[in-house]
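Protein chains: 2
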Amino acid sequence: MDKDLPQRMTPEEFRHWGRRVVDWIADYWASVEEFPVCSRNAPGEVRAQLPPAPPQQGEDFDDFLRDVERIILPGITHWQSPNFFAFFPASVSGPSVLGELLSAGLGIQGMLWATSPACTELETHVLDWMADMIGLPHRFKSSGPGGGVIQDSASSATLCALLAARERAEGMNCRQSGISLPLVAYASREAHSSVEKAVAIAGLGGGRLRLVEVDERLAMRPRALAEAVHRDREAGLHPFFVCATVGTTSSLAVDPVEEVGRVCAAEGLWLHVDAAMAGVAALCPEHEHLRQGLDCADSYCVNPHKWMLTNFDCDCFYVADRAPLVGALTVLPEYLRNAPTESGQVIDYRDWQIPLGRRFRALKLWFVIRYFGVEGLQSLIRKHIALAGEFAQWVAAHPDFELAAPPSLNLVCFRHGDGEEFNRWLLQQVNASGRSYLSHAVLDGKFALRLCIGQANTERSHVEGVWELLKDLAQESCP
Amino acid sequence: MDKDLPQRMTPEEFRHWGRRVVDWIADYWASVEEFPVCSRNAPGEVRAQLPPAPPQQGEDFDDFLRDVERIILPGITHWQSPNFFAFFPASVSGPSVLGELLSAGLGIQGMLWATSPACTELETHVLDWMADMIGLPHRFKSSGPGGGVIQDSASSATLCALLAARERAEGMNCRQSGISLPLVAYASREAHSSVEKAVAIAGLGGGRLRLVEVDERLAMRPRALAEAVHRDREAGLHPFFVCATVGTTSSLAVDPVEEVGRVCAAEGLWLHVDAAMAGVAALCPEHEHLRQGLDCADSYCVNPHKWMLTNFDCDCFYVADRAPLVGALTVLPEYLRNAPTESGQVIDYRDWQIPLGRRFRALKLWFVIRYFGVEGLQSLIRKHIALAGEFAQWVAAHPDFELAAPPSLNLVCFRHGDGEEFNRWLLQQVNASGRSYLSHAVLDGKFALRLCIGQANTERSHVEGVWELLKDLAQESCP
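Heads up: the sequence lines are chains A and B, in that order.
Going by this note's numbering, the first residue of the first sequence is number 1, and it counts up by one from there.
Going by this note's numbering, the first residue of the second sequence is number 1, and it counts up by one from there.
Check the hints yourself; a few may be wrong.
A pair holds if it fits inside one copy or across any two, identical chains being indistinguishable in the list.
Straight line, CA to CA, 25 Å or less: simulated DMTMM-like cross-link-like pairs of lysine to aspartate or glutamate [to be verified]:
| # | residue 1 | residue 2 |
| --- | --- | --- |
| 1 | Lys383 | Glu259 |
| 2 | Lys471 | Asp23 |
| 3 | Lys446 | Glu476 |
| 4 | Lys446 | Asp60 |
| 5 | Lys141 | Glu45 |
| 6 | Lys383 | Glu59 |
| 7 | Lys383 | Asp67 |
| 8 | Lys141 | Asp67 |
| 9 | Lys383 | Asp444 |
| 10 | Lys141 | Asp62 |
| 11 | Lys141 | Glu334 |
| 12 | Lys446 | Glu334 |
| 13 | Lys383 | Glu13 |
| 14 | Lys446 | Asp321 |
FYI, nobody ran anything at the bench for these hints, they're computed from the structure.
Just so it is clear, the structure is predicted and the values come from calculations on it, not from any experiment.
Make the full structure from the sequences, and use the hints.
As structure tokens, this is what we get:
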């Protein structure tokens with residue numbers, strides 16, 4: 001390979017620029033605290049700096065890194081900052097980034113087992129590891145009729161679960177004949193918006209999603225679920241799917257999966273458990289309540305790309321029975337026919353997901369689990385939960401602040417006593433300071449600040465920092 | 001950042017191992033020709049080499065690269081080999097891999113404009129560049145009501161197009177009320193299987209997809225489409241969506257988009273154009289027939305991750321009007337509310353796709369376009385098309401081989417004169433040799449070998465190599 005053609009970066013150039021990018025990332029990580037956490041860009045600011053037309057001739061790679069620093073960096077919010085406490089975390093790690101890099105370099109397609117056996121088999125294997133690590137029931141492992149797959153997101157996992165449930169409810173005939181029953185789905189009021197999106201995509205219409213009442217801990221009331229199912233049956237509708245949440249987005253409330261599962265078993269409903277971030281904490285035996293009731297679940301998902309140091313995208317999605325999932329999603333055009341597929345001996349993951357193509361995502365998860373070991377990952381989870389517990393104590397002990405919900409794992413929802421307007425101002429001030437980034441929640445109709453601790457590089461000092469900032473801002477404003 | 005905690009790879013370690021991985025990839029690319037193109041693994045071979053349980057303590061990164069060589073490499077098919085001629089290409093490039101690496105290191109989430117403005121704005125901007133590069137009508141650019149977004153695959157683009165079409169057909173009410181009309185979709189018999197999959201996911205049922213007859217060039221017959229639409233209307237059904245293909249998977253046939261578009265306009269149908277691989281050739285003005293009729297299209301997609309040196313996943317999806325797409329897919333839970341979204345001044349790409357989360361995929365496309373320049377990308381396309389043309393000439397001139405379809409762009413379908421069984425044997429022998437990798441197609445009911453040229457590192461010698469191999473195998477078998 002030489003550079004006599006304009007369309008080639010030679011191996012030597014790749015080595016050179018690859019080192020530069022690796023060093024750039026190492027430097028970025030080392031200095032990430034120095035940037036304002038939340039981007040201060042105004043709409044259009046990035047585009048205004050970009051040329052209106054693409055270059056006709058190739059440009060120097062050197063310019064790209066300069067432009068990344070000049071144009072891109074001010075326009076990003078630093079999700080890797082130790083002062084990032086908004087939404088859910090997305091902490092990456094060295095071994096994960098290098099797994100992603102290797103995957104990009106290999107450039108293979110894993111749509112079929114046959115198009116790269118190792119891509120499929122490593123994924124199946126590492127997902128079996130994960131199932132054991134977080135204590136999933138054996139039936140989610142690949143040794144039986146179930147198994148795991150990497151999805152891009154919990155949203156896609158929820159959609160796939162709903163489509164499999166729809167297929168089963170329609171006698172494995174929906175794929176061919178379309179929706180014939182008046183299907184109804186259920187989730188708690190606090191469930192993630194992806195349930196609503198999945199119900200819409202599947203053609204049921206948002207009106208066929210029941211948002212079930214929650215209790216004072218913001219977890220689904222199983223009795224309210226049972227009543228809703230009963231009402232719908234009375235009305236001639238066809239209940240088929242329940243999404244229980246292990247760790248809601250707003251407050252990490254945990255639905256009582258066991259009781260919800262009993263309702264599902266009695267009524268013949270598909271139970272999907274969305275444990276997107278909180279499920280990772282099930283790595284630690286002391287959080288085994290996060291695994292309760294999963295024997296009744298038909299599907300489950302957890303996101304290493306949130307709280308397990310793995311780059312987006314890496315959602316681990318499990319089904320207890322592959323048949324309805326594959327039944328809903330399989331395609332086998334002539335150009336994909338091959339002997340291993342026809343032997344029935346292999347998994348073709350194209351039938352477990354929406355897209356056909358797929359990259360080698362298991363590499364990064366394999367690297368993360370091996371590099372940190374189960375104990376390393378556990379210690380990180382424990383550190384974050386301990387820090388959140390300390391923060392919650394500071395809030396609870398302060399006369400002007402209060403907890404807005406029971407603290408759960410690594411998440412604390414809290415507020416100042418001076419009402420919504422003041423809390424909105426406080427949030428805006430914290431985020432505008434650049435020193436920290438929080439998000440918000442509305443719990444029981446009341447506005448709250450929301451702090452979630454999940455970055456690998458967050459230390460006690462960073463949590464103290466945002467607490468001091470909050471107190472100072474509150475004090476300054478009421479001298 | 002130091003390594004007193006087990007859960008941290010220090011910046012210095014990252015620099016060290018990052019260089020190792022970069023060098024490993026450079027070495028891999030330099031030697032990729034030496035591997036058997038298609039993996040020879042048997043089912044279970046990879047898993048048999050992996051420990052049944054994950055490690056409790058962390059392991060050395062050094063071991064990972066050893067295991068990649070020992071376990072993974074024999075289990076992959078080398079999509080980056082210059083002798084890979086199967087399916088569609090997935091050629092990566094240095095700048096693309098480094099863009100992916102940078103994206104992984106930054107580790108940001110682009111679900112909302114507000115969560116990293118540069119992620120959204122660079123994507124919008126580079127997709128406008130792409131629209132100009134391939135000559136899309138102006139209405140697909142972001143300056144009007146339309147615009148582009150990166151999807152993971154053409155499958156997802158087709159699904160999103162179908163969902164937007166469904167929303168429009170149902171008076172923008174499907175999202176809330178579900179499917180109320182007897183909707184019918186259309187594509188040619190040669191269209192990609194993702195159309196069937198999308199129709200199934202959307203809840204219409206495969207029975208509501210009409211596979212329209214094709215002509216002798218395997219392109220959709222617009223008259224047959226018009227007749228099918230007419231028949232369905234007569235039967236009380238509701239035609240709503242047509243997928244035209246620019247470059248079918250089996251033979252790169254190009255549907256007559258202009259005539260198909262006229263039918264769609266007359267009948268009020270959504271026209272989606274799936275130009276997954278072939279659309280890239282529209283970079284070259286001499287292939288402007290690939291752009292014909294797009295004024296009538298409602299949506300369009302093309303995959304730089306196939307034939308434009310960009311890592312999977314990177315499908316560019318365009319709509320002429322965002323409203324039905326966003327109408328079908330938007331969610332706005334409280335925890336995602338933010339001022340820029342409410343101002344209406346920004347694009348939130350979560351509403352343009354199935355998942356909520358999204359990584360910074362525009363970086364790699366930006367790097368590719370800038371590094372190679374439009375002219376560099378054009379020259380690569382031209383080289384591949386010229387090589388395919390030469391191969392087609394060799395086939396046509398040989399007494400024992402024949403073309404199975406008119407050669408189209410970089411794809412040649414051909415066969416030996418000795419019948420299907422012999423051709424299957426030939427394919428099996430070529431692929432088992434490890435020296436090359438072809439796939440197959442069935443055209444008009446007849447089996448054909450299929451050669452697609454799209455790797456950046458494929459030279460004339462590689463194409464000659466597979467031709468010599470084919471001739472030798474054919475000769476040996478009939479001495």
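Structure-based check of each hint:
1. Lys383 with Glu259: neither (31 Å within a copy, 64 Å between copies)
2. Lys471 with Asp23: The answer is neither: 38 Å in one copy and 50 Å across copies each exceed 25 Å.
3. Lys446 with Glu476: Answer is within: at 24 Å inside a copy they meet the 25 Å cutoff, but 80 Å across does not.
4. Lys446 with Asp60: neither (53 Å within a copy, 49 Å between copies)
5. Lys141 with Glu45: Cα proximity of Lys141 and Glu45: across copies only (18 Å, versus 48 Å in one copy).
6. Lys383 with Glu59: The answer is between: 21 Å across copies meets 25 Å, while 46 Å in one copy does not.
7. Lys383 with Asp67: neither (37 Å within a copy, 31 Å between copies)
8. Lys141 with Asp67: So Lys141 and Asp67 pass the 25 Å test across copies only (23 Å; inside, 46 Å).
9. Lys383 with Asp444: neither (29 Å within a copy, 63 Å between copies)
10. Lys141 with Asp62: Neither, since 47 Å and 29 Å both go past 25 Å.
11. Lys141 with Glu334: neither (30 Å within a copy, 36 Å between copies)
12. Lys446 with Glu334: between (56 Å within a copy, 11 Å between copies)
13. Lys383 with Glu13: Answer is between: at 22 Å across copies they meet the 25 Å cutoff, but 42 Å inside does not.
14. Lys446 with Asp321: neither (41 Å within a copy, 37 Å between copies)
Against the hints set out earlier in the document, violations occur for numbers 1, 2, 4, 7, 9, 10, 11, 14.
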